[in-house]
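Let chain L serve as the given structure and place chain F on it in line with the hints.
Protein chains: 2
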Amino acid sequence: MKKYMDEKLQIFEPYMLGYVNELQAPNELKEAMAYSLKAGGKRIRPMLLFAALETYGQKAEKGLDAACALEMIHTYSLIHDDLPAMDNDDLRRGKPTNHKLFGEATAILAGDALLTYAFEIIARSDVYSPEQAVQLIRMLSVAAGPAGMVGGQAADMEGEKKTLSLAELEYIHHHKTGRLLAFSVMAGALIGGADKAETALLETYARHIGLAFQIRDDILDVEGTEEEIGKPVGSDESNEKSTYPVLLTMDGAKQKLSEELQGAHDAIALLKRPAPLLEAFADVIAKRTS
Amino acid sequence: MKKYMDEKLQIFEPYMLGYVNELQAPNELKEAMAYSLKAGGKRIRPMLLFAALETYGQKAEKGLDAACALEMIHTYSLIHDDLPAMDNDDLRRGKPTNHKLFGEATAILAGDALLTYAFEIIARSDVYSPEQAVQLIRMLSVAAGPAGMVGGQAADMEGEKKTLSLAELEYIHHHKTGRLLAFSVMAGALIGGADKAETALLETYARHIGLAFQIRDDILDVEGTEEEIGKPVGSDESNEKSTYPVLLTMDGAKQKLSEELQGAHDAIALLKRPAPLLEAFADVIAKRTS
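So the sequence lines, in the order shown, correspond to chains L and F. Numbered according to numbering that gives the first Met the number 0, the first sequence spans residues 0 to 289. Numbered according to numbering that gives the first Met the number 0, the second sequence spans residues 0 to 289.
Isolated chain L, as found in the complex (with noise of 0.2 Å):
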């Protein structure tokens, strides 16, 4: 799993920071565009999108320029929630937030920029079929948008300082975080040619590793190492933020953590061809540190 991680990275990387190179743009905004792309971590989205399409037999180089698209709006995404305004972050994954090192004018517009190029990149991709551009870039402004990600983030801003319910928090995060997740598992799909009752499955699936996601992050928050996680341990409760742990006490937290990735392996299990890169992200993200 690592290895095969750690291939696709070095291919995607160059890849996607190429992009960014070839802009005719004021260098500074090329620059915070650039800075917080390389910021980036394990690229689990990119990743889970190269796994769905070699799960339908494609090259995972057919994922890529859907992949970078990606990887700019959950980046961009994360630029903008780590302004002032927002969740006022001066670090992230141990490194000056966008805005601490470029200033908050710039950080938007580089945010603004990333989002848009995301786009651009998918439209004018020579390898998918316009039918294929136009149903991934709908695919992923639903995702991301308003009633996707941006409108999770809404929520959740709302939701800060409020005890919320466990439907509440569900929703917050199957919009902020699960939507874009779902998009990496669903454009491998489509690109691959998934049928539609793969899709589903597909779908279902990518709905348990989401909540998996979020509930192992709020877990961490509480049990990581300032080290492993790349920010103060135990943000959370100073926020006082409602998450898994709080709602459902450790063990609770733990035990629903399972239940998703259980349901992820089953509605693997229903594909119809094996789906073993599939089945090992489930765990990868069920159990990662960081």
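Treat the hints with caution; some may be incorrect.
Said to hold, decoys possible - Pairs of lysine-lysine, DSS-like flavour, derived with a Cα cap of 25 Å:
hint	chain 1	residue 1	chain 2	residue 2
1	L	K271	L	K253
2	F	K161	L	K99
3	F	K99	L	K161
4	L	K161	F	K29
5	F	K161	L	K160
6	L	K195	L	K61
Stated by the list, open to error - Anything over 10 Å on all C-beta distances counts as not near chain F; from chain L, calculated:
hint	residue
7	Y14
8	E103
9	F118
10	R137
11	T162
12	D216
13	S241
14	D265
15	K286
Claimed, not checked - DEER-style ranges, computed between Cβ atoms:
hint	chain 1	residue 1	chain 2	residue 2	range
16	F	Q254	L	K37	39 to 49 Å
17	F	R123	L	T162	30 to 40 Å
18	F	R123	L	G102	31 to 41 Å
19	F	E159	L	K161	32 to 42 Å
20	F	L16	L	E202	25 to 35 Å
21	L	N87	F	P95	38 to 48 Å
22	L	N87	F	K161	25 to 35 Å
23	L	Q9	F	S234	49 to 59 Å
24	L	S257	F	E159	50 to 60 Å
25	L	L269	F	R123	50 to 60 Å
Hints were generated in silico from the structure; no laboratory data involved. Idealized CB from N, CA, C, for every residue including glycine.
For chain F alone, kept in the frame of chain L given last:
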């Protein structure tokens, strides 16, 4: 001309707001999106799109979805430009800016939401073929992104408080406002089925009216009334902004405005068919008082 615009507005306004109303998203976010969309002015960009479309014998209705996307992107750019970290404006068109009413966090998210939703609206439209939709999204993302509007805004921020050369000033305006105005015309031409030679002429036209628009803006900032322009007169001067009147004197700016207007008319005169709407629009833009 006024009648034409009023007629189109009566169709366009409810159609665009309908897209926000139908969203499954947090209420506050939808309200913030709708607020700035409603605060819109004369809808010059959608009108240009309709005019270009009708020049090629197509109904304006075919342009509605592209025009909504365009106006949402224009509106998002105003919301983000007004933020404290950017231009820090409290008023726009005489009304409180988005962040003054909804707070900075919601204003940032409302902008992100409008930008993302714009691409969804084109991608899910049933009026365009997949080829047209991909081409529209490509043109719009280039016009609005780091090599277009966002890049122009970044250059504008860098250029503040220093005296710009005329070439630098034109770079900023061509990118910050010109590219999106040009998209209006090019999108109409694309949907209307204009050929390459016609499209090139329309691009020249669009470039001229884009500059005319900006020169007129600079002139109004000196000679307009606060009531007309919806913001304090002389704000460019008090911000020490480089403007056409500053660089060229007021007479020189007016001379250049009239040259740009002439350039626009010259391009239209070379089209294979009469384009009275586009001619009238050039005059509206160059002679507007607000």
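A quick look at each hint next to the structure:
no. : hint                         : result
1   : L/K271 to L/K253             : violated, 30 Å
2   : F/K161 to L/K99              : holds, 24 Å
3   : F/K99 to L/K161              : holds, 24 Å
4   : L/K161 to F/K29              : holds, 22 Å
5   : F/K161 to L/K160             : violated, 44 Å
6   : L/K195 to L/K61              : holds, 20 Å
7   : Y14                          : holds, 18 Å
8   : E103                         : violated, 4 Å
9   : F118                         : violated, 5 Å
10  : R137                         : violated, 4 Å
11  : T162                         : holds, 18 Å
12  : D216                         : holds, 21 Å
13  : S241                         : holds, 16 Å
14  : D265                         : holds, 28 Å
15  : K286                         : holds, 32 Å
16  : F/Q254 to L/K37: 39 to 49 Å  : holds, 48 Å
17  : F/R123 to L/T162: 30 to 40 Å : holds, 37 Å
18  : F/R123 to L/G102: 31 to 41 Å : holds, 36 Å
19  : F/E159 to L/K161: 32 to 42 Å : holds, 40 Å
20  : F/L16 to L/E202: 25 to 35 Å  : holds, 31 Å
21  : L/N87 to F/P95: 38 to 48 Å   : violated, 24 Å
22  : L/N87 to F/K161: 25 to 35 Å  : holds, 30 Å
23  : L/Q9 to F/S234: 49 to 59 Å   : holds, 51 Å
24  : L/S257 to F/E159: 50 to 60 Å : holds, 55 Å
25  : L/L269 to F/R123: 50 to 60 Å : violated, 29 Å
Of the hints listed earlier, those the structure fails to meet are numbers 1, 5, 8, 9, 10, 21 and 25, in rising order.
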